[in-house]
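*Asks:* Residues per chain are reported as follows:
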Amino acid sequence: MPRHQPATPAKQHIRPMPVGWWLKRTSYFLFMMRELTCVFVGGYALFLLMLVARIGEPDAFAALLEHPGSLVFHVLALPFVLYHTITWFNVTPKALVIYRGEEKVNPVIIAGANYVGWIVVSVALIWIAWIAIGSA
Amino acid sequence: MELLTHDILIVGGGGAGLRAAIAIGEENPKLSVGVVSKVYPMRSHTVSAEGGAAAVIKPNDSIENHIYDTISGADWLADQDVVETFVNQAPEEMIQLEHWGCPWSREPDGSVAVRPFGGMKIERTWFAADKTGFHMLHALFQTALKYDNITRYDECFATKLLVHDGRCLGVTALELQTGQLLPIAGKAVILCTGGGGRIFPFTTNAAIKNGDGMALAYRAGVALKDMEFVQYHPTGLPGTGILITEASRGEGGILLNKDGRRYLQDYDLGEPFDVTSPEHPRKRTMELGPRDRLSQAFELERQKGLTLKGEYGDYVHLDVTHMGQKKINKKIPFVRELCRNYVGIDPVHEFIPVRPVIHYMMGGVHTNVDGETPMPGLYAAGECACGSLNGANRLGSNSLTELLVFGARAARAAVKYTESLGDFPQSELLAQAQDEQARIRERYFKPGDGKGKESIAAIRTAMNDTMEDGAGIYRTDESLRKTSEILRELKERAKNVELADHSLSFNTELTAALELEYMLDIAESLAHSALARTESRGSHQRTDHPQRDDDNFLKHSLAYQTDGDPRIEYLDVVITKWPPGERVYGSK
Amino acid sequence: MAASNTTTSNAVVTMDVFRYEPDASELPRMQRYTVPFREDWVVLDALNHIKDEIDGTLSFRWSCRMGVCGSCGMMVNGEPRLTCNSFLRDYYPNPIRVEPLSYFPVIRDLIINLDHFLDKLEEVKAWLIPAEDRELSEGEYRQSPAQLAQYKQFSMCINCMLCYAACPAYGHHSEFIGPAALALAQRYNMDSRDGASDERADVIFSEEGIWDCTFVGECARVCPKNVDPASAIQQAKVEATKDFFKSVLVPWGKRQQPAESR
Ligand SMILES: Cc1cc2nc3c(=O)[nH]c(=O)nc-3n(C[C@H](O)[C@H](O)[C@H](O)COP(=O)(O)OP(=O)(O)OC[C@H]3O[C@@H](n4cnc5c(N)ncnc54)[C@H](O)[C@@H]3O)c2cc1C
Ligand code: SF4
Ligand code: FES
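Residue numbers (this note's numbering), protein chains in the order written: chain A, 121 to 256; chain B, -18 to 569; chain C, 9 to 270.
Careful, some of the hints might be misleading.
[Said to hold, decoys possible] Below, a list of computed lysine to aspartate or glutamate pairs in the EDC-like style, where the Cα atoms sit at most 20 Å apart:
hint, chain 1, residue 1, chain 2, residue 2
1, B, Lys476, B, Glu466
2, C, Lys245, C, Asp210
3, B, Lys463, B, Asp404
4, A, Lys224, B, Asp553
5, B, Lys290, B, Asp240
6, C, Lys245, C, Asp206
7, B, Lys308, A, Glu222
8, B, Lys536, B, Asp553
9, B, Lys427, C, Asp31
10, B, Lys127, C, Asp123
11, C, Lys254, C, Asp210
12, B, Lys308, A, Glu223
13, B, Lys307, A, Glu177
14, B, Lys127, C, Glu130
15, B, Lys427, C, Asp63
16, C, Lys160, B, Asp553
17, A, Lys144, C, Asp123
18, B, Lys476, B, Glu423
19, B, Lys290, B, Glu331
20, C, Lys254, C, Glu183
21, B, Lys39, C, Asp210
22, A, Lys131, C, Asp31
23, B, Lys11, B, Asp404
24, B, Lys311, A, Glu223
25, B, Lys308, B, Glu318
[Stated by the list, open to error] Just a few of them, taken from the derived set where beta-carbon distance is under 10 Å, the chain B residues facing chain A:
hint, residue
26, Ala2
27, Leu126
28, Arg133
29, Gln158
30, Phe426
31, His483
32, Leu485
33, Ser486
Rather than coming from a laboratory, the hints here were simulated on the basis of the structure. Where a beta carbon is used, it is the ideal one built from N, C-alpha and C, also for glycine.
Hey, can you work out the whole structure from these sequences and the hints?
*Replies:* As structure tokens, then:
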């Protein structure tokens, strides 16, 4: 459906985005933080790939892990990766909407399932590591 | 100035206007259609309608039933051929809207659900929770988006009909963004500008309901029909006038006076059933009586001192607490939202304060069953038209359906009419538009002398007050004469309105002034039509003539504008199979 | 109403209102007005008081005054709000700053230009394109209450544009289709009667479509009708991703371009 447009368009005032726009609202700030810190998530993924590449070579694998640079990187990356993880978990109920009949399944349950899964996997990993260390 | 041309021009982008536009798109995609609207179409007032739209669809219902309910609801002032056409075409139109995506509420088996409504013998009101008008309007607007032959003139304000050789051939419209006056020609023009509840102080109507289209036709010499019939809705929020839909009573809500008594039983509206009874709510009785009778009952109850007193006048209680939270959330969630926002109460636990409020104009531009006015080329549909479906009192939920049925019918009739027409008389139409531009400039853009400066708001308030005082729920010869007199003075005063805003860009002070002119015109036609009808019928109640008078007034009134007071003529009501009878609500 | 009894008789509120009058000046300014304070007044009532009693030149849009027509969105103290639904008492006694919705071009005072939104609505084909045709004589399409619930929330959009005024992605890139138009496209995609999600995909899945969304989530927070456009966009992203993998893994399962069916 076309719309009629004025023969001579009216003057309009355009307001540019203010420079510090992302400081004006917490949600904007958090968003900006995500944009800036996503390199750490990328970096971490790269690191994982490097580990995978060394999977057949236990010494190289350990060396990479024990490298001081890797330690520094982990300390730096951990809080940001955690931040992103929490963001993703909280987004899940937005992307995954489940209906039971006419009622929506409570988003807290869907997000909660992520956290439960996270804890379960973490505990399982620690447990396996524990056994592995014990048997070594 | 350049003449913009279309085959058919629609003024108004509400339910009626959009339905008409789509009908032309379907009928003949080669015809070019213009839709002129002073607000974006999806802002039109149809968006506020809550309760639902009536059409026979369920096996326990019948066409005959719907016809009878409509005719008796109208206190026999409806044209029966029109009612028959309407009721027969209604289901098809409603199904069509379903096919266009309207999210009607559903039964568990997936068929559309219906609910009971006031004055209807059987539940036949389709609904989309309690945002029916909103969903209908958006479904229509979004459907209309797909037609390439429809051009929208968003935020263009019609100021005058272009008439040449007795034919209507377009409008002039103020392009709000730029302040330019556009001459827009159409071989046929369909007015779909809605009602004019804003002439009263206390109304459910949105700010844009100023009777514009009625006034445009009236000024061009077309009659306004049955203007004395104005509907009060029994349940508006005091103060704002925001509507609490009849669906709240359809779903079981009850009305209580200050002593907690269901006072409607004292006004010949039947016996109440307990709210827990499976028979409650019983159709066509008590809370489900017609709107005129319920509003009148309130007024009488008030005179007895049995209503409650509040800052915004007297009120009674609407009680839906027994419905429970779950049903309220599912069936009338918007009512809950409105009460919480604007009254600060939660209807799940508390009573809603309500009082009668101006809601709908049964009268309007005189048309026949095809939306044709007596002026060739001019059509009207929706609330601005009076095709004599609603008579002396409209039944709730007939109006939304009316937009569809008569929007489509007017469009089809206009398509036929334009087939035989040739080119536009360009220079004549442009000359008229130039004159109109000069008039507006002269009247509103000349720096004033500062003498006798009048404010738009003051005149509007005075008009509102006199309408309520003299032409409200109950009227008398004296009250109407006084109101007419004051209106005449106000029209004089309005000539001295001076604008502070002389800019072209989006001048809303100018549109407010033009709207005031429209409102004064239709208020005048209303008061004089009411004065001339010396009987009581439906929503028109004269305490000095309390009886219905079929011998003299089984007739439509037609108001014509003159240099002085309007001239009132009469036209017989079409009676086919349903001779005038008594309106019985509740057991007698 | 209930609260209105407590109207403070002489109390006043200061309103700082954005003014832009292109006929008079290129530059906008702020103008200060003092209006009576009433418990039951909304910001829109105060603006109407200004227009009727103080300054007839102030321009703004409004109509229904009941939160359903979508006309009266403005920035109130920096937040996108429906002014017919924002009570003075929630700001009192502080001054109230009223500005036109962020990011949109301003036509006059508090009036923005939203034509692009309507163009986008058309681009995403926000109307029902039935999966199977049905004659009127066959009656309505069947749709269970559960199927209705799937898209109902997204159909509640009143086009008030608050979500756009809250979205920095839109602020940076005005070609972004944006929250409401995407939610409405998704509304039809999820309607059991509709069969045209493929037809809408090209536009929705484009750069200007869902991938411009960086999940700030403000749209969902400011929406007065609880539409949750953020959710609509995330759901569409999942669909787009599935679509992508399908086209990579099973090339023959690629979505089909239906014949012209506008
Ligand atoms: C609160 C409320 C609830 C209601 N609920 C129900 C219900 O449940 N069921 C029912 O059946 N009915 C209901 N009604 C009645 C029904 O909604 C209206 O009668 C109907 O919507 C009117 O539609 P319309 O298309 O005629 O006009 P509107 O929707 O009012 O549209 C008028 C159009 O004309 C345009 N216009 C006006 N003047 C000009 C001008 N000068 N220049 C250019 N354009 C102009 C406007 O921009 C607008 O687009 C309700 C009414 C109200 C007030
Ligand atoms: S999604 Fe919400 S905020 Fe955005 S336009 Fe629609 S109703 Fe307004
Ligand atoms: S005036 Fe209609 S939404 Fe505020």
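*Asks:* Each hint should be assessed against the structure and marked as holding or not.
*Replies:* The hints, checked one at a time:
1. For a cut-off of 20 Å, the pair hint linking Lys476/B to Glu466/B stands: about 16 Å separates their Cα positions.
2. Our distance criterion of 20 Å between C-alpha atoms is met by Lys245/C and Asp210/C, whose separation comes to about 13 Å.
3. Under the criterion of a C-alpha separation no larger than 20 Å, the hint pairing Lys463/B with Asp404/B is inconsistent with the structure, at around 49 Å.
4. Proximity of Lys224/A to Asp553/B is assessed by CA-CA distance (about 57 Å); at most 20 Å being required, the pair is judged violated.
5. This hinted pair checks out: Lys290/B and Asp240/B have alpha carbons roughly 13 Å apart, not beyond 20 Å.
6. Using a Cα cut-off of 20 Å, the hinted pair Lys245/C and Asp206/C holds, with the two alpha carbons roughly 14 Å apart.
7. Restraint check for Lys308/B and Glu222/A: satisfied, since their Cα atoms lie roughly 14 Å apart, inside the 20 Å limit.
8. Straight-line distance between C-alpha atoms of Lys536/B and Asp553/B comes to about 4 Å, which keeps the hinted pair within the 20 Å bound.
9. For the proposed pair Lys427/B and Asp31/C, the alpha carbon gap of about 16 Å is at most 20 Å, so the pair holds.
10. The straight-line distance between the Cα atoms of Lys127/B and Asp123/C is roughly 16 Å, inside the 20 Å bound, and the hint therefore holds.
11. For the hint linking Lys254/C to Asp210/C, the alpha-carbon distance of about 15 Å falls within 20 Å, and the restraint holds.
12. Taking the CA atoms of Lys308/B and Glu223/A, the gap is about 14 Å. The hint holds against a cut of 20 Å.
13. A distance of roughly 63 Å separates the Cα atoms of Lys307/B and Glu177/A; the hinted pair therefore is violated under the 20 Å criterion.
14. As the CA atoms of Lys127/B and Glu130/C are separated by approximately 7 Å, the hinted pair is consistent with the 20 Å bound.
15. Proposed proximity of Lys427/B and Asp63/C is supported: the alpha carbons are some 19 Å apart, at most 20 Å.
16. For the given pair, Lys160/C sits about 47 Å from Asp553/B by alpha-carbon distance, which is inconsistent with the 20 Å threshold.
17. The hinted pair formed by Lys144/A and Asp123/C fails the criterion: a straight-line CA distance of about 27 Å is larger than 20 Å.
18. For the suggested pair Lys476/B and Glu423/B, the alpha carbons sit about 12 Å apart, so the restraint of at most 20 Å is met.
19. In summary, the hint linking Lys290/B to Glu331/B is supported, as the alpha carbons are separated by about 17 Å, within the 20 Å threshold.
20. For a cut-off of 20 Å, the pair hint linking Lys254/C to Glu183/C is broken: about 28 Å separates their Cα positions.
21. Proximity of Lys39/B to Asp210/C is assessed by CA-CA distance (about 41 Å); at most 20 Å being required, the pair is judged violated.
22. With a CA separation close to 9 Å, the supplied pair Lys131/A and Asp31/C stays within the 20 Å bound.
23. Proximity of Lys11/B to Asp404/B is assessed by CA-CA distance (about 16 Å); at most 20 Å being required, the pair is judged to hold.
24. Note on Lys311/B and Glu223/A: the hinted pairing holds, with a Cα-Cα distance of about 11 Å set against a maximum of 20 Å.
25. Annotation: proposed proximity of Lys308/B to Glu318/B holds, straight-line Cα distance about 14 Å (limit 20 Å).
26. Of the supplied interface hints, the one on Ala2/B holds, with its beta-carbon coming within about 9 Å of a beta-carbon of chain A, less than 10 Å.
27. Taken as an interface hint, Leu126/B checks out: its beta carbon lies about 5 Å from the nearest beta carbon of chain A, inside 10 Å.
28. At its closest, the beta carbon of Arg133/B sits 4 Å from a beta carbon of chain A; the interface hint therefore holds under the 10 Å criterion.
29. A cut of 10 Å between beta carbons decides the hint on Gln158/B: the least distance to chain A is about 5 Å, and the hint holds.
30. With 10 Å as the threshold, the beta carbon of Phe426/B stays out of range of chain A, its nearest partner Cβ sitting at about 18 Å, so the hint is violated.
31. A least Cβ separation of about 16 Å between His483/B and chain A goes past the 10 Å threshold, and the interface hint is therefore violated.
32. With a least beta-carbon distance of about 9 Å to chain A, the hint placing Leu485/B at the interface is held under the 10 Å criterion.
33. The restraint placing Ser486/B at the interface with chain A holds, with a minimum CB-CB distance near 6 Å, inside the 10 Å limit.
The structure fails hints 3, 4, 13, 16, 17, 20, 21, 30, 31 (numbered hints given earlier, in ascending order).
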